[in-house]
Structures are given as C-alpha cells and as structure tokens.
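> Single-letter residue listing:
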Amino acid sequence: MPQYMLISHDSTEIPEGVEFTPEMIQSVLQHYYTWIEKLQKSGHMVSLNKLKDNDFGCNLKGIGKDQVVTDGPYAETKEIIGGYWVIKAKNYDEAVKLASDCPSLVYGSRVEVREVDELPN
Amino acid sequence: MIADPENKVAGLVDHLFRHQAGQMISTLTRIFGPRHIDLAEEVVQDALLKALQQWSYRGVPENPSAWLIQVAKNRALDLLRREASLREKSGELVRSFAAQEEFANRRQELGGPNEALDDTLSMIFMTCHPSIPREGRVALTLKTAGGFGVSEIARAFLAKEPTIAQRLVRAKRLIREEGITFEMPSGAEMSARLDSVLEVLYLLFNEGYTAHSGENLVRVDLCDEAIRLSSLIVQHPATNLPKCHALLALMLFQAARLPARVGKSGELSLLAEQDRSLWDKRLIDRGYWHLDRSALGDEFTDYHLQAAIAACHAAATSYQLTNWEEIVQLYNMLVELNPSPVVALNRAVAIAKWHGAAAGIQELEKIIEHPLLQHYYLLPATMGELWSELGEQMKAADYYRQALDCPCSEPERRFLSKRLEAASHNNNLNPIGDRT
Chain A
0 MPQYMLISHD
10 STEIPEGVEF
20 TPEMIQSVLQ
30 HYYTWIEKLQ
40 KSGHMVSLNK
50 LKDNDFGCNL
60 KGIGKDQVVT
70 DGPYAETKEI
80 IGGYWVIKAK
90 NYDEAVKLAS
100 DCPSLVYGSR
110 VEVREVDELP
120 N
Chain B
0 MIADPENKVA
10 GLVDHLFRHQ
20 AGQMISTLTR
30 IFGPRHIDLA
40 EEVVQDALLK
50 ALQQWSYRGV
60 PENPSAWLIQ
70 VAKNRALDLL
80 RREASLREKS
90 GELVRSFAAQ
100 EEFANRRQEL
110 GGPNEALDDT
120 LSMIFMTCHP
130 SIPREGRVAL
140 TLKTAGGFGV
150 SEIARAFLAK
160 EPTIAQRLVR
170 AKRLIREEGI
180 TFEMPSGAEM
190 SARLDSVLEV
200 LYLLFNEGYT
210 AHSGENLVRV
220 DLCDEAIRLS
230 SLIVQHPATN
240 LPKCHALLAL
250 MLFQAARLPA
260 RVGKSGELSL
270 LAEQDRSLWD
280 KRLIDRGYWH
290 LDRSALGDEF
300 TDYHLQAAIA
310 ACHAAATSYQ
320 LTNWEEIVQL
330 YNMLVELNPS
340 PVVALNRAVA
350 IAKWHGAAAG
360 IQELEKIIEH
370 PLLQHYYLLP
380 ATMGELWSEL
390 GEQMKAADYY
400 RQALDCPCSE
410 PERRFLSKRL
420 EAASHNNNLN
430 PIGDRT
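Protein chains in written order, with numbering that gives the first Met the number 0: chain A, 0 to 120; chain B, 0 to 435.
In case anyone wonders, no lab produced these hints; they're calculated from the structure.
Keep in mind that a hint or two might mislead.
[What the hints assert, rightly or not] No more than 20 Å apart at the CA atoms, straight line, and that leaves these computed lysine-lysine pairs for PhoX-like:
#	chain 1	residue 1	chain 2	residue 2
1	A	K40	A	K89
2	B	K49	A	K49
3	B	K49	A	K51
Small disclaimer: the values here were computed from a predicted structure and weren't measured.
Full structure from sequences and hints, please.
Here is the structure:
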C-alpha cells in the first residue's frame, strides 16, 4: 500500500492574547494522542517524528568554495515544519481523509499531504 | 517514542499538567523568592509548552513529572544567566538558584522531608496571607498552587478576565510590598494564618458546590481543587490538625452528594429528592475517616459542627429517616459559634423537618428582615416550600416569585419556576399572574 507523508507546517508565532493554561495544554496533547491512537489501531500509522525547533536548523546551498550555510531558513517566513507522520493509505483521497482530522489543523497549522515515491520491487 | 505502530499511546493522568504546574510554581517561587512569582510562572509555562510540542509526537515520557521539572529548571537557569549578563544583581539569583539546587539534591539523597509538600503548603500560606484581600487570596491560590489559568478562574467565578488579572497583580504587589515570606508560619502565628488558609479553601469549595449564578450548578473543578489542597494540608505534620480534618470531612461528605445533586438535564435535585444510591460511598468513607481524626484534640470549630451535620445526612438511608433531632441540636451549637443568618436559615429548615413546617416558618420569620438575606434566594424559596407543605399555595407562589427575583443559577431558576407553576396551578392561578 502506498505511503503518504503528512507534513505539519506550524506557525512560529504564538497568537496574541491566548492563554495556554495547563489544563488546555493537556487537552491539546490528549487530542493528538486520540488521533494518533486511532490511526495506530486501524493500522494506518507507519511512523512519526517531531523536528527540533530550537534553532530551526540550517540551510546549505552550493558546493565547494561556493557553498553557503545559513542558519534558520525561516528568518522571513512564519512557518516551520514541526514534524511529520507517515501513514499507509490506498490513494490520495484516503490519505487526505485520514489527515482531515489531524489536530494540527485545529490549532492553526497547515498539513501538507505527499505520497512517498517508492521504487518498484 | 510512539513510532512503533503497535505501541499503544499512553494517556495522561487527569489534571496532570495543572497539578504539576502548581507544584513547580511553588518550588520555583521558593528558589527565586516571593518577589519573583511571575518569573516562576513564566518558566513553568515554557516547560508545559515544550512538553506539548515534544509529547504530541513522542508520547508521554516514563516519568512525566521529572521531565517537566527538569525542563523548568533548565529554562530557569537559562533565563537567569541571560539576565545575569545584563545586570550584575541577578548574578546573585543564579548563584542562589544553583546552591539551592545542590542543597535539594543532597537532601533528596539523605531522604529528607517531603520537599514538594513543603513547597505547596508554603505557597498556600503565602497566597492566603491575611494582608491580601480575600478575593485576591482565592484567585492567587488557584493561579499558583492550583495551576489554574486566568480564564479558568474567571469562568469559575463568573468574573471578567481583566478583573481576575487585576486581582492577581494586586495580590502579587502586596506580597512584594508587605514583604510576605515564603514559609510555613510557626508558633503563635500558625493558628491564625491557618484559619485564613482554611477560609480560602472553604470559599473555594462552596463556590464550586453552590454556584450562585450562571448555567452550571456545580463547578466540580473548584470542589476537587479544594479537596486536593485540604488533603495536602492534613498530610503535613505541622497542619495535621483536628480543624483541618473537620473541614476536609465536611467537603468529602458534601462532594459525595454531588453526583445526585444535579439531574440528567442539569436540573437541581434537592436533598429530599436525591437518589441516594448515586452518593459516592468512597468519599463518604473518607469523610468518616477524617471526621474521626477531627475529634482527636480539644479544639472545636464550626467546621466540626458542619461536618457532623453533613455526616448525619450521609448516614441517613432516606430523607424521612434522617435524624433531624440531632441535626437541630448541632445547628443550635453552630448558631452559637457562628451566628450568621445563613446558619439560622439552615437551622430553621431542620426545625421544620423535626417539628413541622409551621415551626420552621416561625424560625424563618425571625430572620426574614435580616439585611444579609435580602437577596438570598434560599430564604423565600424555603418559605415557599414550607407554606406549600401547609397547603397555602397562594402564599407559597408569592414566595417563589420573590425567590426568582434574587440572583441564582439557571438550574435553580428552572427549579423555582417549576415550583411556582405547581403552586399556582394548585391554586388555579395564572403562573405569571399579577400580584394585585
């Protein structure tokens, strides 16, 4: 079955005037667990990973003496890739359907769905 | 990691973050000093947000509390170091923080006293300091030791968020200005300071138990928090005192009835009508345990009497089989100890049950003019009940109308409207009928 990567594009800006109370943070977390568990039980979830967001990584461009390394490619953008989930699905339609209730969407992130291009056996 | 699809995602203990936040804010306030509660809150907030980001992918770590505390401590050191490079004065904070950490670690190795409990209680004694206005005490205790957010406190007290925020700012300013310390009081000071703490917890519980207005009849979170903090208080050797057990017993007996207090559609269910099989036996047992402990000693407080009254209700298998004589006697003592009109009102209800509705009305008429009861819906509501019992539906309806003019919660309002309708109907009156 084809695999799809759900990429979470998260905002780096904390919305103003929103209070994150401990209880609220816990309920958001629980929301993710419920969603992940659902996909695990149905056998759709393959793997998942969070990307470190302390320095937002760095970017490389060019080779040799032309190579440029820059910190944090997101200086101008307000989005970072926060993490990803790899799921199994019959086709794009099913993948989109499985991603449709991803909690990140509730909390303002954009979720990109991409099919993994696998080599034929 | 929860990368293994076979791996079941671990759930979270109820209120883990809230309780953990309260604990961490308390510990960090000890380390930073009472002047820096804001810093403690900020650090804890950062730690919780970090947990949200990481745990949402990785699952709950094996020891979530230790994880959170470690992250908060690291974050605190980061912040302090950054500050220190800006201002020499903060250098002292960093050194003191590091020294305290070392001390704490060593104490843990030595199996020292329960530091977490010490911290929470010191925090409560500080936030319940008599120099802080009562409303500020309640709000600050919930915000710090309780781990509640401003929005949650505002919802619980039906206040606006800026109002609560202002109370918190004022309370914190008082702590700085008055030099209120972060410690358990000792000696002669303990008893009075403890009374202030117990009063706050009692208010917290009652606010949750009898919501005065708004849609929700019971705000269980407040009751739970009051019970949780009271349980911590009786755990500590310095505050393991009879009156603390008495207050906790009272809360437990009352809380046991909560499942029966609100009907399926959120309507009020009076003690007389409650399905007693819904009462939480576990809480009642805990209540008796603490009631026993409240009797060890010669101190006798109104919490003792209120707990004893609540125990009488808990022991009765039905409303009819309640030992009203004993309850009236307990109320007689309570009125002497605490001559409040609300106590007198409750005493009148018990007298009505023991000697009949007419005797109850006679008692109520003694307090009907009391200024503190003029907007208290329970007085006219009780009058309505008693007159209705005597078959005087017109008088009953009149009192129900008066009760409806007072502030009360929506379920209570619906309950009163139903009573008014029944009384009016029995009297062939239009329920909205004019009073002329």
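> Report the numbers of all earlier hints that the structure fails to satisfy, in ascending order.
none
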